[in-house]
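S.K.: Let the hints inform the model, and build the full structure from the sequences given.
The listed protein sequences derive, respectively, from chains A and B. So the number in the working numbering is just where the residue sits in the first sequence, counting from 1, plus 9. So the number in the working numbering is just where the residue sits in the second sequence, counting from 1, plus 399.
Treat the hints with care, since some could be wrong.
Said to hold, decoys possible - Residues from chain B shown here face chain A by an in silico Cβ test under 8 Å; the list is partial:
| # | residue |
| --- | --- |
| 1 | D450 |
| 2 | M470 |
| 3 | R471 |
| 4 | K473 |
| 5 | I479 |
| 6 | S484 |
| 7 | E485 |
| 8 | L486 |
| 9 | F490 |
| 10 | E494 |
| 11 | I501 |
| 12 | Y507 |
| 13 | G537 |
Claimed, not checked - Which chain A residues stay away from chain B? Per the calculated CB distances, all over 10 Å, these:
| # | residue |
| --- | --- |
| 14 | L24 |
| 15 | V29 |
| 16 | D295 |
These are calculated hints, taken from the structure and not from any lab test. Only a predicted model underlies this, so the values are computations on that prediction, with no experimental measurement involved. Heads up, the beta-carbon is just placed ideally off N, CA and C, and yes, glycines get one too.
What follows is the residue order along each chain.
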Amino acid sequence: MRYFSAPVLVWILALLLPVVAVTSLGVGTIAISSAEILHSFSSAVIGSSGDAQTNSILFDIRLPRILLALLVGAVLASTGAVMQGLFRNPLADPSLIGVSGGASVGASLMIVSAGGFIQAGALTGLSLVAIGAFAGGFIATIVVYRVATSNLGTSVTTMLLAGIAMGALAGALNSLLSYFSDNEMLRQISVWQMGNLSGANWLKVAVMGAVSIWLLMRLPAQAKALNALLLGESEARHLGIDVQSVKRRLILLTALGVGVSVAVAGLVGFVGLVIPHIVRLIIGPDHRWLLPASALAGASLLIVADSIARVVVLPAELPTGILTALIGAPFFVVLLMHQRREI
Amino acid sequence: MAMIAENISLHLAGFDLLRNINLTIESGQVTAVVGPNGAGKSSLLKVLTGDIKPTDGRVLLNGRNISQWEMREKANLLAILPQHSELNFPFTASEVVGLGRIPHLTGYGKDQEITINALQLVDASYLQRRLYTQMSGGERQRVQLARVLAQIWSPSDLGQQFLVLDEPTSAFDLSHQQMILDIVRQFASRGVGVLMVLHDLNLAAKCADNLVVVNNGVIAAHGSPDKVLSEQLINEVFDVQAVIARHPVTDTPLVIT
Numbered sequence: 010m011r012y013f014s015a016p017v018l019v020w021i022l023a024l025l026l027p028v029v030a031v032t033s034l035g036v037g038t039i040a041i042s043s044a045e046i047l048h049s050f051s052s053a054v055i056g057s058s059g060d061a062q063t064n065s066i067l068f069d070i071r072l073p074r075i076l077l078a079l080l081v082g083a084v085l086a087s088t089g090a091v092m093q094g095l096f097r098n099p100l101a102d103p104s105l106i107g108v109s110g111g112a113s114v115g116a117s118l119m120i121v122s123a124g125g126f127i128q129a130g131a132l133t134g135l136s137l138v139a140i141g142a143f144a145g146g147f148i149a150t151i152v153v154y155r156v157a158t159s160n161l162g163t164s165v166t167t168m169l170l171a172g173i174a175m176g177a178l179a180g181a182l183n184s185l186l187s188y189f190s191d192n193e194m195l196r197q198i199s200v201w202q203m204g205n206l207s208g209a210n211w212l213k214v215a216v217m218g219a220v221s222i223w224l225l226m227r228l229p230a231q232a233k234a235l236n237a238l239l240l241g242e243s244e245a246r247h248l249g250i251d252v253q254s255v256k257r258r259l260i261l262l263t264a265l266g267v268g269v270s271v272a273v274a275g276l277v278g279f280v281g282l283v284i285p286h287i288v289r290l291i292i293g294p295d296h297r298w299l300l301p302a303s304a305l306a307g308a309s310l311l312i313v314a315d316s317i318a319r320v321v322v323l324p325a326e327l328p329t330g331i332l333t334a335l336i337g338a339p340f341f342v343v344l345l346m347h348q349r350r351e352i
Numbered sequence: 400m401a402m403i404a405e406n407i408s409l410h411l412a413g414f415d416l417l418r419n420i421n422l423t424i425e426s427g428q429v430t431a432v433v434g435p436n437g438a439g440k441s442s443l444l445k446v447l448t449g450d451i452k453p454t455d456g457r458v459l460l461n462g463r464n465i466s467q468w469e470m471r472e473k474a475n476l477l478a479i480l481p482q483h484s485e486l487n488f489p490f491t492a493s494e495v496v497g498l499g500r501i502p503h504l505t506g507y508g509k510d511q512e513i514t515i516n517a518l519q520l521v522d523a524s525y526l527q528r529r530l531y532t533q534m535s536g537g538e539r540q541r542v543q544l545a546r547v548l549a550q551i552w553s554p555s556d557l558g559q560q561f562l563v564l565d566e567p568t569s570a571f572d573l574s575h576q577q578m579i580l581d582i583v584r585q586f587a588s589r590g591v592g593v594l595m596v597l598h599d600l601n602l603a604a605k606c607a608d609n610l611v612v613v614n615n616g617v618i619a620a621h622g623s624p625d626k627v628l629s630e631q632l633i634n635e636v637f638d639v640q641a642v643i644a645r646h647p648v649t650d651t652p653l654v655i656t
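M.R.: In structure tokens, the structure reads:
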């Protein structure tokens, strides 16, 4: 039983996303009405200056933050769908290939070893922590991929196990680094691991934007191959799919996309696991629709979660990653219960 | 044109799985492979379809080495139904069958038409919108069969087509066993070369033009069912005392144990 036809869901999500994004512009410590938003945007377009404070909040703080949430959400959800297809396992997520574990070690290492530099590094917009996270995530993925690849091709089972080993190793290294850090470092590490979009700026949006556009343009071409892979690897080969090169391409794309996402936003969990799962429950596993629908839904979820994170404990903010799980998990459970009742 | 195994041997992990096998799958004919468990039937299929490279010898598909075909072209010529399917995602039956059209560039309308016809052929029209994960074993196997048939539904410019089925009847009831034999004959009469592994010797005798008996990694006997099936061979290969009679209607050999 399917709830919607796939094109209908994609249209609904595509119309929902701009509404969510614009609504989110008004939400924060200082609420901004839609009239003020409209005024600021129209005066920006015609070149006249509106209210300086409102402009600054909108264009320097909220707009980049919303765009970053949109991009990170889209990348995490679509790469989550890719991983679930590649591993033929609806419970897979991008962290399975070691990218999250590696990234958190990279970030912690930077926080602990270059503690004094962090503030100085932040000047460049892309902090040392972000660079460490990206490098850590990427290196971990390459190691996992190499371990699982022999001259017979890449074994996804071995990859799964190597990913678990990598996760355990990363956990141990993280604990080791935490053990040797002082209070301030500990706090930075734990906040980073919760996933946070409050550090958004236009440079991060530009880097993330370039990577996401490249990724989201390349994924649709792999949709049919992913569909065939759900049948099994040798079946996919018999359907004319070059399985090994598809795997290599998808793993590299995922490592890059998730690596950069983690670098700019920390560990935002749950989106990559649950969004594709929910979308699949609604429209089925055809990746030609699953990938775009997941990207759109992930983008909306992360914007909503981040908006709530900004206002739920005013005047302070919550890390975004806490909210994604708080919103997503109950919704997911309700959907699962509903699904079970139908069977 | 044909699918030809030339002097194939396969050694894996210190075991001789196949030794010096020569076999020709003629187009338009049905070849059945029988043999006891562990005889090397599946290994033979894997080598013939290019899944495993033989240690020695080579496999020719329409005159060209099977490993030298471009993958999509090969998929236009050779469709394979595996014994078990790993699919555990909730595709509808139509979507599963549609996957068989991936190697083709015939367009959505044509693919839909073939999907519907293929499902009808395997008596699974009523499953179209049902989810694969909620089907019975026999229904799943029929849908997978329809997928494989959709893959070679119409003749290809690239050469003769071949259909390989690994124990296609294992999940089927009597009427669907008969159905698959009819379908196989129908595709063969169109010029498709069919190779299938069967466990039921009587089904094989009824349907196949050629019977290949595999035992201990070698071909123990090869030829028409009439010629091959003998009480002595069944005793040697399967270690079972059997009587060979004639089928009262089709006049094919009938193995009674």
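S.K.: Confirm or reject each hint.
M.R.: Do the hints match the structure? See the list:
| no. | hint | result |
| --- | --- | --- |
| 1 | D450 | holds (6 Å) |
| 2 | M470 | holds (5 Å) |
| 3 | R471 | holds (4 Å) |
| 4 | K473 | holds (7 Å) |
| 5 | I479 | holds (5 Å) |
| 6 | S484 | holds (7 Å) |
| 7 | E485 | holds (4 Å) |
| 8 | L486 | holds (5 Å) |
| 9 | F490 | holds (6 Å) |
| 10 | E494 | holds (6 Å) |
| 11 | I501 | holds (5 Å) |
| 12 | Y507 | violated (11 Å) |
| 13 | G537 | violated (18 Å) |
| 14 | L24 | holds (25 Å) |
| 15 | V29 | holds (28 Å) |
| 16 | D295 | violated (6 Å) |
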